[in-house]
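Chemist: Residue-level listing of the chains:
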Amino acid sequence: MNDLRELYQEVILDHSKKPRNFRELPGANRSAEGYNPLCGDRATVYLLVEDDVVREATFKGSGCSISTASASMMTDALKGKTLGEAKALFELFHELVTADPSKAAAVSAQLGKLAVFAGVHEFPMRVKCASLAWHTMKAALEGGARATTE
Amino acid sequence: MSSSPAHAATGFDVEAVRREFPVLRETVNGRPLVYLDSAASAQKPQAVIDAERDVYEHYYSNIHRGVHRLSMLATDAYEKARGTIRAFLGAASTREVVLLRGTTEAINLVAQSYGRRHVAAADEVLITGLEHHSNIVPWQLLCEEKAAKLRVAPIDDKGDVDMAAFERLLTPRTKIVAVSHVSNALGTINPVVRMTELAHAAGAVVLVDGAQAAPHLRVDVRAIGCDFYAFSGHKVYGPSATGALYGREALLAAMPPWQGGGDMIASVSFEKSTWNELPYKFEAGTPNVAGVIALGAAIDWVGCVGLDAIAAHEHELLEYGTQLLSELPGLRLVGTAREKAGVFSFVLEGVHPHDVGTVLDHEGIAVRTGHHCAQPVMDRYGIPATTRASLACFNTKQELDSLARGIRKVQEMFA
Numbered sequence: 046m047n048d049l050r051e052l053y054q055e056v057i058l059d060h061s062k063k064p065r066n067f068r069e070l071p072g073a074n075r076s077a078e079g080y081n082p083l084c085g086d087r088a089t090v091y092l093l094v095e096d097d098v099v100r101e102a103t104f105k106g107s108g109c110s111i112s113t114a115s116a117s118m119m120t121d122a123l124k125g126k127t128l129g130e131a132k133a134l135f136e137l138f139h140e141l142v143t144a145d146p147s148k149a150a151a152v153s154a155q156l157g158k159l160a161v162f163a164g165v166h167e168f169p170m171r172v173k174c175a176s177l178a179w180h181t182m183k184a185a186l187e188g189g190a191r192a193t194t195e
Numbered sequence: 302m303s304s305s306p307a308h309a310a311t312g313f314d315v316e317a318v319r320r321e322f323p324v325l326r327e328t329v330n331g332r333p334l335v336y337l338d339s340a341a342s343a344q345k346p347q348a349v350i351d352a353e354r355d356v357y358e359h360y361y362s363n364i365h366r367g368v369h370r371l372s373m374l375a376t377d378a379y380e381k382a383r384g385t386i387r388a389f390l391g392a393a394s395t396r397e398v399v400l401l402r403g404t405t406e407a408i409n410l411v412a413q414s415y416g417r418r419h420v421a422a423a424d425e426v427l428i429t430g431l432e433h434h435s436n437i438v439p440w441q442l443l444c445e446e447k448a449a450k451l452r453v454a455p456i457d458d459k460g461d462v463d464m465a466a467f468e469r470l471l472t473p474r475t476k477i478v479a480v481s482h483v484s485n486a487l488g489t490i491n492p493v494v495r496m497t498e499l500a501h502a503a504g505a506v507v508l509v510d511g512a513q514a515a516p517h518l519r520v521d522v523r524a525i526g527c528d529f530y531a532f533s534g535h536k537v538y539g540p541s542a543t544g545a546l547y548g549r550e551a552l553l554a555a556m557p558p559w560q561g562g563g564d565m566i567a568s569v570s571f572e573k574s575t576w577n578e579l580p581y582k583f584e585a586g587t588p589n590v591a592g593v594i595a596l597g598a599a600i601d602w603v604g605c606v607g608l609d610a611i612a613a614h615e616h617e618l619l620e621y622g623t624q625l626l627s628e629l630p631g632l633r634l635v636g637t638a639r640e641k642a643g644v645f646s647f648v649l650e651g652v653h654p655h656d657v658g659t660v661l662d663h664e665g666i667a668v669r670t671g672h673h674c675a676q677p678v679m680d681r682y683g684i685p686a687t688t689r690a691s692l693a694c695f696n697t698k699q700e701l702d703s704l705a706r707g708i709r710k711v712q713e714m715f716a
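The listed protein sequences correspond, in order, to chains A and B.
If you want our numbering, it's the position in the first sequence, counting the first as 1, plus 45.
If you want our numbering, it's the position in the second sequence, counting the first as 1, plus 301.
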């Protein structure tokens, strides 16, 4: 059960059962819809950006525990970040779930709480679940309306 | 549960059957592999693996060409496999057996060759609400090109086709009816004999998608009465990228070729080419020679074990598993048709199928999670996906017990 617990950490299970920021955001000025055609998971990410800073971040959608927890924790992490920091966070997260484990320690240190997703790396079929919300957020920041994991 | 009479009469020995599948000796995460994903693709018995290796070690060559010994041996073995497939389907002649890459290619062939010639603007193609994408999209492409209409006979809550609606949707405009014999997502066995009668009475030709039926039921295309029947080798314990289309000879003879190339021609000049006889007219290019020969071995193997014995064994497992899974709180079986084969599709309250699949994999249990290439079926039930455990001749009640235990672990984890 060990590596399975690496994937399904308590924090992840908690966020999947009680997702934070799980609502539409009426005043949002950036948003995008994400879709993973492989499994049908959907996530819409809403952002309120003012003076180059993410003031508020929320999401709606349906997906597995990994994609839900990832969206929940991502929206938590984004609040107060500048656009540059948000994009840097995307790159770090992407590296965490896809890059080789030797770099994981260094990346994890910079990601704080989000480092709980390091276990996803051992489950290649689930990388897209973890990244869906992140790709969607990036699309929203870049002005795209849609993101897919393909 | 006691053995059914058919089971007892044929002396079906599941342990002996299991010994013939080398892959069942594998472990996953230190646990014995429990393979419950045969509806996606079946594992291969030693006889099939040996047959394919034998071709490459002793007589591989291109077929229908050359006068040398190997070409002759390979051609003979390839055509012998065609004969085996003919008997397996109950077709009258090998002229009616077109060897292709599988069901998908077979349906596309009928849509592009028969369909493009016979379907015109405002005509209709009728399918059902439980089709696999491969029996939807080829017809959509055809209908789009011809400005024809795709009609869909709906399914009810249990996963049975609404036959009254099916009958109502058959009109003089219906040119083709395409139905699956067995649903991949729900396991429903369609009443294809009745559907064919009704379709013929309306003047339509009938294609039956047999991908999920061929491993589980005795197929007899003449008893069904259908005009076309498609199946895939990889689901009948044969190699992937093999399969066949049965077509009534008169229809095939009148159909234009689909793909052009070597082997499908009688003569070629820059002014005009003429077509080879049936079934070669539809077989352009070098096929999967060793794969088809091994498919023949797979069908021989199935015949040896006995399709009726396999069906009886799987039916017993289906009843056992249905009871077992129904007793799990929070589990809902999706697809509970009266006539069903080989599939448990289910959703667990509060747990996404992907998480079910990952936890079960950790227990060494292989299931399919997702929409099973049948998104309209998922939409019908208002769910994005299911977890699907599907049966083969080598599965056991103990494995279904493992599945139930695994599901309980999933529930504990996500409680």
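Heads up, a few of these hints could be off.
Stated by the list, open to error - With a straight-line Cα cutoff of 30 Å, these simulated BS3-like cross-link-like pairs (lysine-lysine) come out:
#1 Lys148(A) x Lys126(A)
#2 Lys63(A) x Lys124(A)
#3 Lys105(A) x Lys124(A)
#4 Lys710(B) x Lys158(A)
#5 Lys158(A) x Lys132(A)
#6 Lys126(A) x Lys158(A)
#7 Lys710(B) x Lys105(A)
#8 Lys62(A) x Lys105(A)
#9 Lys126(A) x Lys63(A)
#10 Lys63(A) x Lys698(B)
#11 Lys62(A) x Lys710(B)
#12 Lys148(A) x Lys124(A)
These aren't lab readings, by the way, just hints derived from the structure by calculation.
Chemist: If you draw a straight line from the CA of Lys126(A) to the CA of Lys158(A), is it 30 Å or shorter?
Modeler: Cα-Cα ~15 Å, so holds.
Chemist: Taking 30 Å as the top limit, are the C-alpha atoms of Lys63(A) and Lys698(B) close enough?
Modeler: violated, 37 Å
Chemist: Going straight from one Cα to the other, do Lys158(A) and Lys132(A) come out at no more than 30 Å?
Modeler: holds, 17 Å
Chemist: Just to be careful, I want the Cα atoms of Lys148(A) and Lys124(A) compared with a cutoff of 30 Å; is the pair within it?
Modeler: holds, 26 Å
Chemist: Would you mind confirming whether the straight-line C-alpha gap from Lys63(A) to Lys124(A) stays at or under 30 Å?
Modeler: holds, 18 Å
Chemist: Does Lys105(A) lie within 30 Å of Lys710(B) when you go C-alpha to C-alpha?
Modeler: At roughly 28 Å apart (the allowed maximum being 30 Å), Lys105(A) and Lys710(B) satisfy the hint.
Chemist: Assess, step by step, whether the Cα of Lys105(A) is no farther than 30 Å from the Cα of Lys124(A), and give holds or violated.
Modeler: holds, 17 Å
Chemist: Between the alpha carbons of Lys710(B) and Lys158(A), is the straight-line distance 30 Å or under?
Modeler: holds, 27 Å
Chemist: Please work out if Lys148(A) and Lys126(A) have their alpha carbons no farther apart than 30 Å.
Modeler: holds, 24 Å
Chemist: Check whether the Cα positions of Lys62(A) and Lys105(A) lie no farther apart than 30 Å.
Modeler: holds, 14 Å
Chemist: Is it true that the CA of Lys126(A) sits at most 30 Å from the CA of Lys63(A)?
Modeler: Distance ~23 Å between Lys126(A) and Lys63(A) Cα, so the pair holds.
Chemist: Can the restraint linking Lys62(A) and Lys710(B) be considered satisfied, given a maximum Cα separation of 30 Å?
Modeler: holds, 17 Å
Violated hints amount to a single one, hint 10; each of the other numbered hints is respected by the structure.
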